[in-house]
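**Q** Each chain, letter by letter, is given below.
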Amino acid sequence: MPDLRTEVMEVNMGPQHPSTHGVLRVVLKTDGEIVLDAIPYIGYLHRCFEKHAENVTWQQVIPFTDRMDYLASMNNNFGYVVGVEKLMGIEVNERVERLRVITAELNRIASHLIALGTYGLDIGAFTPFLYAFREREMILDLFEEICGARLLYNFMWVGGVSHDAPDGWIQKVLDFCDYFSPKIKEYNDLLSFNKIFIERTANVGVLPADVAISYGCSGPTLRASGVDFDLRKNDPYSIYDKFDFNTVIGEGLKGTVGDCWDRYWVRIIEMEESVKIIRQAASDMPDGNVKEKIPKIVKVPAGEIYQRTETPRGELGYYIVSSGDKIPERIKVRSPAFCNLSVLPAISRGIMVADIVAIIGSLDIVLGEIDR
Amino acid sequence: MAQYFRNIYETIATVLIGMGVTFRHLFTKSVTLQYPREQRELPSGTRQKLFVNIDDCIGCLQCEKACPVSCITIETIKAEKDEDLGETSNGKKKRMYLTRFDIDMAKCCYCADCVFPCPTECIYMVPEFDFATYDRNDLVFRFSNLSDEKHKELIEREKAKEAAKQQPPEAN
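Chains A and B, in that order, are what the protein sequence lines are.
Going by my numbering, the first residue of the first sequence is number 5, and it counts up by one from there.
Going by my numbering, the first residue of the second sequence is number 3, and it counts up by one from there.
So that you can see chain A by itself, here it is in the shape it has in the complex (with noise of 0.2 Å):
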């Protein structure tokens, strides 16, 4: 029987493409339905964040911070300002801090609903996406009520936050919790333990620990693969030292440690460890003023300094540099995201094409934060 001749395809997927959360150009080497090479290009939404940042004062930068993860402004605001104020050596005080804490987790909890919403939906189970887009306008409703705005919030300012809570808000975050917990057993029954989801996930793109580790994976994606490490806990920032609650690492219940499925799994019990947080940071809220830090003009000393916070991707990181002056010297950001898909070629040669999807969405990435 002669040798069927077989050929190298390339096929360009994206940037247009519902399943690339974005403007995301992958270009697949393919061998009939079998991955050869998938190779990520990115660029399509940069926008020049950090030469914009060495333009505007130190309070102007916080807008386009919001402006990288939109998903989650609150927490790329909360690095960037825990960052200045230790340059600054500002400490806030207790109300402030706790106001950041809930609001951040909330925002993870909002960036979570989206990621797992938008999983499901590239695979092709679309109802949980309507489900968790439910629950997230009630979290962007919370957040217009205290800040204003609905997705870039521009809400936690060098010393301080920029509206205190209105009365009741605490209450209502409260009652939030309350009604969020059990409709998480609702995405278990629509999505986490669907034989066809748990078909189309276990088992598919298995990031090993050390493979996870040696790219720079961070975040839920790192803790899949069955690593211990979460900012929150390793190098504690802000008040979270105080609270009580557990880092989620993966464990195959449904396959290998590090499949997707260990990915997307991760994420819905870290739903119910901001939960936790939430509620105790909510509990028993001091008084204070929220403003009383905040400089009228924001000057920071000479010198520079490497911030990492927990985003709901993973280690977001900002290298800051200042000369003394109103402007910043130099902004360096490093992205979760970035690190994260940096992977996409090491998981995906020799698998389906149908698989990449799969992949990518279980990376969760964000455009605007990886071109930034």
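Simulated from the structure, these hints should not be mistaken for lab results.
For glycine and all other residues, C-beta sits at the position ideal for the given N, C-alpha and C.
Watch out, some of these pointers could steer you wrong.
Claimed, not checked - A short, non-exhaustive set of chain A residues, derived as facing chain B with CB atoms under 8 Å: (1) Q63; (2) Q64; (3) P67; (4) F68; (5) R138; (6) G152; (7) L156; (8) N158; (9) F197; (10) K199; (11) V215.
As the list claims (entries may be wrong) - When the alpha-carbon atoms are kept at most 25 Å apart in a straight line, the in silico DSS-like pairs for lysine-lysine are as follows: (12) K300/A <-> K95/B; (13) K96/B <-> K300/A; (14) K67/B <-> K330/A; (15) K189/A <-> K31/B; (16) K31/B <-> K55/A; (17) K67/B <-> K303/A; (18) K55/A <-> K96/B; (19) K31/B <-> K297/A; (20) K300/A <-> K94/B.
Let chain A serve as the given structure and place chain B on it in line with the hints.
**A** Coordinates of chain B only, in the frame set by chain A:
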């Protein structure tokens, strides 16, 4: 073979569990608002369109400086000493004619950084969000309320002043 049938059973069972969830939601209240026909009430601090109460503006340019995207353009002309422009509602004396106060809402990033530094609280955001237009130039909102004649007169006056400055003073 047993595995084959178990897979079929599990698939049907888990799909039915999911269907149960959606079925229960048939009897709950809908959460979707039919937007143009029904509208939700916006909270008090909501950040939408920028508005300037020009009668209260003292022309201090703080909002222009605070804007990270430079969407506010203000031009002022100083009033003469004998001219009285009145006071703002919180008792600050106005000393500037505002010949131009433009806000380009197409550029605005809705960060509200301009709202906080205003000493007379005359720039703020109003709950109005459906102002889409076909022409981007229609999104430049002009707030200056000087009449055209007054505007021209002030510009002439400024020119005359400049000219006087340029000329070297007569020998004293």
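**Q** Can you list which hints this structure breaks, lowest number first?
**A** Hints 11, 16, 18, 19 contradicted; others consistent.
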